[in-house]
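Peer 1: Each chain, written out:
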Amino acid sequence: MSRMNEFTKGFIKENPVFIMALGLCPTLAVTSSVMNAIGMGLAATFVLVFSNIFISLIKGFIPDKIRIPAFIVVIASFVTIVDMVMHAYSPEIHKSLGIFIPLIVVNCIILGRAEAFASKNNVMNSILDGFGMGLGFTLALVVIGGIREVLGAGQFLGFNVLPSSYQPMLVAILAPGAFIVMGLLMGMMNLKKKK
Amino acid sequence: MSNVYAVSAAPHLKQKISVSSVMWQVVGAMVPALIAGIVFFGIQALLLTLYGVFAAVITEMLIQRWRGIPISVKDGSAVVTGILVSFNINSAAPWWIPVVGAVFAIAIGKQIFGGLGHNPFNPALLARAFLMASWPTLMTAGWLPTKFNSINGLANLPDNVPAIVTSATPLGVAKALRSATQIDPEMANVIMNKLANMDTILNLFWGNVGGVIGEVSAAALLIGAAYLAYKRIIEWRIPVSYIATVFILVFIFGGVNGLFSASLLLPIFHIFAGGLILGAFFMATDMVTSPVTKRGRIIFGIGCGVLTIVIRLVGGYPEGVSYSILLMNIAVPLIDRYTVPKPFGEVKK
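Chains A and B, in that order, give the protein sequences.
Residues in the first sequence are numbered consecutively from 1, following the numbering used here.
Residues in the second sequence are numbered consecutively from 1, following the numbering used here.
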């Protein structure tokens, strides 16, 4: 039961984007379409799971004073793998995500889970935590990306979903739209929590 | 016991001014500009304005009901916002542009921050920025000429002027003049003389030029502004410092042949062209989003003027009044903090 909880807490209750407000830079930058959001979410989930595994394994050997650089080295290794694999197998998404793939290294969700969870828990729980948090991050990105793509381009995953008479609300796929949509969703989550 | 001896905290002298009396007077002051809009752009201008007002009032009512707080649409503040949103719209826009703009102004611009008095930005200008970013072609392309068949306000243009001049608003022409790729320098001098010309300025003053609904007639706006100033609803510091800054900066930088090459009429052209009069008197002076201190208001006006001219002369848009007021809105808390007056009797440190 508690294991299940480690997995599911990242979806809603401790959602990294809406509740903890971590990883906002990629959230705002890459959610202009659902496809980008999925690509970013899955890349971050992969890094999160594997960095959690390795940090949980080597937590006994890392001196406390240099733990952050050690975490970063582990995370950067997996980001490099993701970067190269995406470049090879999905060059289009790799191109549209651009600089934000290497920047997963400094994504504070991944470092935050390493510091707050993986360095204090066993491997099994760390996997579940990383996987759940990664899916929660992906979920948040897809919701924001979905709203922005439908409003700003009249499309969902590249398919037209609104009648052709719809005039796309360009602001939704520009930077201000990212802030407005994310802010409204965060506000709705807070409202729901209050009730 | 008589009221004379009642013990109470300051202030002891009160006026019977309420939010609703102020707001309805602002509505009244905008009526001349609305009439000018109808005269120059036809009944469509009135319809667009009504759409904006209805959308603003209904949005405010629904949100206040949902929040479970008293419904305050009777105070007129939503009406003011709705009118101002529509005033910022091209008269050729479809009906849903003012509706979406007014809903955005009230929901995102005002109620999300807590309602009247809590909004950091002027809601109507926020809606304009939102509409400009969302539907740039509907907001800035296809300006309609006025009913008297004038769009750029320029009389007796030579036959070989480029198309970019003949279909543009006065500020669009002024912007095109500054780019050598669009108009060659010789032609630019000819057109510049037409801009800084008494006939053009009279067209701008009375309103016989293309543009958004509310900005068209400087004369009508000034009638409303004079009433508000007489009732002390707006104060002279922001508009005067704003317009004076624009005058000085255009006089120095406005000409196409280097510093101080502008004729004295060009600053006057820039004051009456575009939304400056509307912005300076009706939007920059919004009580919620302008500084409370007297020195702060002058700083606010100068800042608006500098930003407006930077955008008009250097930036990408022909008109910068709305963005400059929005940018200064966000600086208001800082301005207020730095201009707190010294309490009476405080010793210099």
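Simulated from the structure, these hints should not be mistaken for lab results.
Where hints are given, some of them may not hold.
[What the hints assert, rightly or not] Mimicking DSBU-like on lysine-lysine, the simulated pairs with C-alpha atoms at most 35 Å apart in a straight line are:
#1 Lys192(A) to Lys231(B)
#2 Lys342(B) to Lys194(A)
#3 Lys194(B) to Lys14(B)
#4 Lys195(A) to Lys14(B)
#5 Lys74(B) to Lys342(B)
#6 Lys193(A) to Lys74(B)
#7 Lys14(B) to Lys294(B)
Fair warning: this is a prediction, and the values are worked out from it, not measured in the lab.
Peer 1: None of the hints should be skipped; say for each whether it holds.
Peer 2: Status of the hints after comparison with the structure:
Restraint check for Lys192(A) and Lys231(B): not satisfied, since their Cα atoms lie roughly 46 Å apart, outside the 35 Å limit. The hinted pair formed by Lys342(B) and Lys194(A) fails the criterion: a straight-line CA distance of about 43 Å is larger than 35 Å. As the CA atoms of Lys194(B) and Lys14(B) are separated by approximately 52 Å, the hinted pair breaks the 35 Å bound. Our distance criterion of 35 Å between C-alpha atoms is broken by Lys195(A) and Lys14(B), whose separation comes to about 41 Å.
Pair hint Lys74(B) plus Lys342(B) does not hold up; C-alpha atoms about 39 Å apart against a cutoff of 35 Å. For the hint pairing Lys193(A) with Lys74(B), the CA-to-CA distance comes to about 33 Å; that is within 35 Å, so the pair holds. The hinted pair formed by Lys14(B) and Lys294(B) meets the criterion: a straight-line CA distance of about 21 Å does not exceed 35 Å.
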